[in-house]
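Start counting the sequence shown at 0; every next residue gets the next number (numbering that gives the first Met the number 0).
No lab work stands behind these hints: they were computed from the structure. Please note that the accuracy of each hint is not assured.
[Said to hold, decoys possible] No farther apart than 16 Å at their CA atoms in a straight line, the calculated lysine to aspartate or glutamate pairs in the EDC-like style are these:
1. 34 <-> 50
2. 34 <-> 19
3. 64 <-> 83
4. 27 <-> 56
5. 46 <-> 19
6. 64 <-> 50
7. 34 <-> 15
8. 34 <-> 83
9. 64 <-> 15
10. 27 <-> 45
11. 64 <-> 81
12. 64 <-> 74
13. 27 <-> 37
14. 34 <-> 66
15. 46 <-> 83
16. 27 <-> 61
17. 46 <-> 15
18. 27 <-> 41
19. 46 <-> 71
20. 27 <-> 66
[What the hints assert, rightly or not] Using C-beta positions, here's what the derived DEER-type ranges look like:
21. 73 <-> 48: 13 to 23 Å
22. 9 <-> 46: 18 to 28 Å
23. 35 <-> 61: 17 to 27 Å
24. 83 <-> 16: 24 to 34 Å
25. 72 <-> 4: 17 to 27 Å
26. 19 <-> 83: 35 to 45 Å
27. 3 <-> 46: 34 to 44 Å
28. 68 <-> 31: 37 to 47 Å
29. 83 <-> 45: 36 to 46 Å
30. 83 <-> 15: 33 to 43 Å
31. 43 <-> 3: 30 to 40 Å
32. 47 <-> 3: 27 to 37 Å
33. 4 <-> 28: 29 to 39 Å
34. 66 <-> 5: 16 to 26 Å
Where a beta carbon is used, it is the ideal one built from N, C-alpha and C, also for glycine.
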Amino acid sequence: MGNDALIEIRTPTFAESISEGTVAVWHKALGETVKRDDVLLDIETEKVVIEIFAPADGIVAEILKAEGDVVESEDLLGRLREVEADEPGEGVTQSA
């Protein structure tokens, strides 16, 4: 069996002029396979829309901040379950 390491997905550190943002849209769903640098979600601030990218190949294991939730710098947004390179992305079974 593969290593089920979870990788945190966090809000980046905002510029001093930005105190918070709102989760605008999740582009990936719970259980969906993603590749490193895929856009996972958008965070909208007063000034810009920030794209949050997948830090590694994996499967979206947890979504902790829903669309419309207000987030601050370094907030935990969700987690990816890391997928090893030789592990198929499609058809991966998850145990409850």
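Hint-by-hint comparison with the structure:
Of the supplied pair hints, the one linking residue 34 and residue 50 holds, its CA atoms being roughly 15 Å apart against a limit of 16 Å. As the CA atoms of residue 34 and residue 19 are separated by approximately 27 Å, the hinted pair breaks the 16 Å bound. Pair hint residue 64 plus residue 83 does not hold up; C-alpha atoms about 26 Å apart against a cutoff of 16 Å. Taken as a hint, the residue 27 and residue 56 pair is honoured in the structure, with Cα atoms around 13 Å apart against an allowance of 16 Å.
A threshold of 16 Å between alpha carbons decides the hint, and for residue 46 with residue 19 the separation of about 11 Å falls inside it, so the pair holds. Between residue 64 and residue 50 the alpha-carbon distance is near 15 Å, which keeps this suggested pair within the 16 Å criterion. This hinted pair does not check out: residue 34 and residue 15 have alpha carbons roughly 31 Å apart, beyond 16 Å. Between residue 34 and residue 83 the CA atoms are separated by roughly 11 Å; this keeps the pair inside 16 Å, and the hint holds.
For a cut-off of 16 Å, the pair hint linking residue 64 to residue 15 is broken: about 22 Å separates their Cα positions. A threshold of 16 Å between alpha carbons decides the hint, and for residue 27 with residue 45 the separation of about 24 Å lies outside it, so the pair is violated. In summary, the hint linking residue 64 to residue 81 is not supported, as the alpha carbons are separated by about 20 Å, beyond the 16 Å threshold. Of the supplied pair hints, the one linking residue 64 and residue 74 holds, its CA atoms being roughly 9 Å apart against a limit of 16 Å.
With a C-alpha separation of about 9 Å, the suggested pairing of residue 27 with residue 37 holds against the 16 Å cut-off. With a C-alpha separation of about 22 Å, the suggested pair residue 34 and residue 66 falls outside the 16 Å cut-off, and the hint is violated. A threshold of 16 Å between alpha carbons decides the hint, and for residue 46 with residue 83 the separation of about 37 Å lies outside it, so the pair is violated. Of the pairs offered as hints, the one joining residue 27 and residue 61 holds, with about 11 Å between alpha carbons and a cut-off of 16 Å not exceeded.
Restraint check for residue 46 and residue 15: satisfied, since their Cα atoms lie roughly 12 Å apart, inside the 16 Å limit. As the CA atoms of residue 27 and residue 41 are separated by approximately 11 Å, the hinted pair is consistent with the 16 Å bound. Of the pairs offered as hints, the one joining residue 46 and residue 71 holds, with about 14 Å between alpha carbons and a cut-off of 16 Å not exceeded. A C-alpha spacing of about 12 Å is found between residue 27 and residue 66, which places the hinted pair at or below 16 Å, so the restraint holds.
Between residue 73 and residue 48 the beta carbons are some 19 Å apart, a value that agrees with the proposed interval 13 to 23 Å. For the hinted restraint 18 to 28 Å between residue 9 and residue 46, the CB-CB distance of approximately 20 Å keeps it satisfied. The hint said 17 to 27 Å for the Cβ distance between residue 35 and residue 61, and at roughly 18 Å that hint holds. The beta-carbon spacing between residue 83 and residue 16, approximately 41 Å, falls outside the hinted interval of 24 to 34 Å.
The beta-carbon spacing between residue 72 and residue 4, approximately 24 Å, falls within the hinted interval of 17 to 27 Å. The hint said 35 to 45 Å for the Cβ distance between residue 19 and residue 83, and at roughly 36 Å that hint holds. At roughly 38 Å, the beta carbons of residue 3 and residue 46 sit within the given window of 34 to 44 Å. As the Cβ distance of residue 68 to residue 31 is approximately 19 Å, the hint placing it in 37 to 47 Å is violated.
Separation of residue 83 from residue 45 is about 41 Å and conforms to the stated range, judged on CB atoms against 36 to 46 Å. With their beta carbons about 40 Å apart, residue 83 and residue 15 fall inside the hinted range of 33 to 43 Å. Taking 30 to 40 Å as the suggested C-beta distance range, the pair residue 43 and residue 3 conforms, at roughly 32 Å. With their beta carbons about 35 Å apart, residue 47 and residue 3 fall inside the hinted range of 27 to 37 Å.
As the Cβ distance of residue 4 to residue 28 is approximately 21 Å, the hint placing it in 29 to 39 Å is violated. Checked against the hint of 16 to 26 Å, the pair residue 66 and residue 5 passes, with Cβ atoms roughly 22 Å apart.
When held up to the earlier numbered hints, the structure conflicts with 2, 3, 7, 9, 10, 11, 14, 15, 24, 28 and 33 and fits the remainder.
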